[in-house]
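Chains as they are written, first to last, in our numbering: chain E, 1 to 112; chain Z, 1 to 115.
Certain hints may be false.
Unchecked claim - 30 Å max Cα-Cα, derived DSSO-like pairs, lysine-lysine:
{"no.": "1", "chain 1": "Z", "residue 1": "Lys68", "chain 2": "E", "residue 2": "Lys42"}
{"no.": "2", "chain 1": "Z", "residue 1": "Lys42", "chain 2": "E", "residue 2": "Lys83"}
{"no.": "3", "chain 1": "Z", "residue 1": "Lys107", "chain 2": "E", "residue 2": "Lys78"}
{"no.": "4", "chain 1": "Z", "residue 1": "Lys1", "chain 2": "Z", "residue 2": "Lys42"}
Hints are computed from structural coordinates only; laboratory data are not their basis. Small disclaimer: the values here were computed from a predicted structure and weren't measured.
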Amino acid sequence: EPEVTQTPSHQVTQMGQEVILRCVPISNHLYFYWYRQILGQKVEFLVSFYNNEISEKSEIFDDQFSVERPDGSNFTLKIRSTKLEDSAMYFCASGRPTDTQYFGPGTRLTVL
Amino acid sequence: KQEVTQIPAALSVPEGENLVLNCSFTDSAIYNLQWFRQDPGKGLTSLLLIQSSQREQTSGRLNASLDKSSGRSTLYIAASQPGDSATYLCAVFSPTGAGSYQLTFGKGTKLSVIP
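Next comes chain E alone, as it looks inside the complex (with noise of 0.2 Å):
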């Protein structure tokens, strides 16, 4: 059965670095997601991505958030200058925006 997968597990950084996490979605989806889930709180709405543009951010998503598809495969969320508050689990999803939103496992950020 096709999954999202992502890439790395877990990256630890230090406070001010730029960190890209990298996402591959099921391969005839056409929305893409990331979402984040900061320990112990609800899991939050970052950004959609549709047709190489974002199509909704939330408030979080500020000027350090970027999102791009590089290729016909991967997704990415980079985020230029970490700060502490930034740690976090972070989602990937993909699908279409009445239906299912598949899920991958999650990629662990540190920032120290």
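Position chain Z against the provided structure of chain E, taking the given hints into account.
Leaving out everything else, chain Z in the frame of chain E:
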């Protein structure tokens, strides 16, 4: 702004019991509602999706209902097993008011099934 609440926050039951998890949402203008399972430190596994026009969906021992007008959904788990122990998340897909849609999650119900 859509808010999703799940009650109870935690639930502990003996194996074999039937149980109900509750989810409520503030804005009834939803497109669909999805129930997920999350194991500790892991990703989200989709369990059931209910479209706004549907009243319920079933998958094996799971049954989810939706009452859009009252802003409520329930997830019924029959004959619970220790392997059902996990956090169950409810999420609604609803318009943002800016012409797009967003999935809004509840905080989850942590279920423990005692052998």
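Do the hints match the structure? See the list:
no., hint, verdict
1, Z:Lys68 to E:Lys42, "22 Å, holds"
2, Z:Lys42 to E:Lys83, "23 Å, holds"
3, Z:Lys107 to E:Lys78, "26 Å, holds"
4, Z:Lys1 to Z:Lys42, "28 Å, holds"
In terms of the numbered hints stated before, the structure departs from none.
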